[in-house]
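Engineer: Please construct the entire structure, taking both the sequences and the accompanying hints into account.
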Amino acid sequence: MTQNRTFGSLGRDWMRQVAAAEDRHEAVTAGGLASDLGMLSHEGEEQPRVLGRLVEWRRLELGMTEEQLAAAAGIELGELRAIEQDDTEARSIRVIFKLAQSLDLSPEKLAVLAGLAETRNDPALSEATVRFAAKSSTAKLSKEQRRVLDEYVKVLSESPKGP
Amino acid sequence: MVEATLHTDLAPVDLALLERTWSPKRVALFNALEKASVPRQDRPQSLHWDWGKKVPELKLLEARGFGVLCEGDWQGAMMTKTASSVSRLEATRRKPIVYVDYLELAPWNWKVTPLKRQGRYGGLGTLLFLQAVIQSFDEGFGGRVGLHALPQAETFYAGLGLKRVAHDDAKRLPYYELDSQAANRLMQHDGGAP
Chain A
1 MTQNRTFGSL GRDWMRQVAA AEDRHEAVTA GGLASDLGML SHEGEEQPRV
51 LGRLVEWRRL ELGMTEEQLA AAAGIELGEL RAIEQDDTEA RSIRVIFKLA
101 QSLDLSPEKL AVLAGLAETR NDPALSEATV RFAAKSSTAK LSKEQRRVLD
151 EYVKVLSESP KGP
Chain B
1 MVEATLHTDL APVDLALLER TWSPKRVALF NALEKASVPR QDRPQSLHWD
51 WGKKVPELKL LEARGFGVLC EGDWQGAMMT KTASSVSRLE ATRRKPIVYV
101 DYLELAPWNW KVTPLKRQGR YGGLGTLLFL QAVIQSFDEG FGGRVGLHAL
151 PQAETFYAGL GLKRVAHDDA KRLPYYELDS QAANRLMQHD GGAP
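Protein chains in written order, with the numbering used here: chain A, 1 to 163; chain B, 1 to 194.
Certain hints may be false.
To be verified - Footprint (simulated), chain A over chain B, 3 or more residues, beta carbon under 8 Å:
1) 45-57
2) 93-101
3) 104-115
4) 135-149
5) 164-176
Keep in mind the hints are simulated off the structure, nothing from the lab. In this text, a Cβ means the ideal position worked out from N, Cα and C, and glycines have one as well.
Structural biologist: Okay, structure coming up:
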């Protein structure tokens, strides 16, 4: 990396004015490359919530509060909330496996959903995930949503097939 | 005021090097936002970016990189591309442009309104973007520059004179472009009053 130019020549007053003008805005980030590399998963509508909604719905189905599930899994309440909000920073093998055990789901498949394990050729899981993502647009667990969840959990509870 | 230097030969894979110092700050900020129960939509939209995981893909990319170094740390960086990037504005459609593929500041320079936190150094985004405009003039592109802005950055680029062309469904981000007239206006401010 080669030093090319100092900013001293631009003038201090100009720099101060530029800094003040820029400070009025929330961010300056350009994201074309990040989009190409699939890194926009947190910007709301770009990708459907799957893991977070699954954990939340399964918890509700089992009649557990956030505190109860966090305690049962032996993880921090903040970690659980972050997982349910689909914050990828919060995902780790430790947390995902503990949650899977408490929610009676396949740890391997949950790890795949969390992006922590490679996807094996599992068309049933892929199709079930697409169906779940398409139908799970709200957080309340209605009768229909319970049916959608049950259908998805059935696939997630099966033991993974060999390669 | 401190002295900063601009480096103009970063490679895309260098983003992974920047991430070594930026990543712990991202995590610390994530934890602070989590502790303050800040809703996800109010958090910095690049908070979760992890270039370290993308090294194999970054090695394959052709781009020119710029970085601002100050007090031993990279304060911000930008990647630009010229090949295969063309204007989407009606008046200059298909004419070549400089495309800003990536522009990002170190996490400690982010403004984080929910935490009432200001960035450590200001003006870096403008300085980096001006390098893209200079590159465009140097390449004979008349100062034309295009980019996809994160939603939180749209007002910044609009303020610099870029026009919002359209929401790009393929990139899932709004596309902005600076035309020659706006580029000339912007460059008249380089060293003068913004």
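Engineer: For every hint, state whether the structure bears it out.
Structural biologist: Cross-check of the supplied hints:
1. Here's how the segment 45-57 of chain B fares: 8 of its residues keep a CB closer than 8 Å to some CB of chain A, so the rule of at least three is met and the hint holds.
2. Under the rule that three or more residues need a Cβ within less than 8 Å of chain A, the assignment of the segment 93-101 of chain B holds, with 3 such residues.
3. Here's how the segment 104-115 of chain B fares: 5 of its residues keep a CB closer than 8 Å to some CB of chain A, so the rule of at least three is met and the hint holds.
4. Under the rule that three or more residues need a Cβ within less than 8 Å of chain A, the assignment of the segment 135-149 of chain B holds, with 3 such residues.
5. Counting residues of the segment 164-176 of chain B whose beta-carbon sits less than 8 Å from any beta-carbon of chain A gives 3, enough to reach three: the coverage restraint holds.
In terms of the numbered hints stated before, the structure departs from none.
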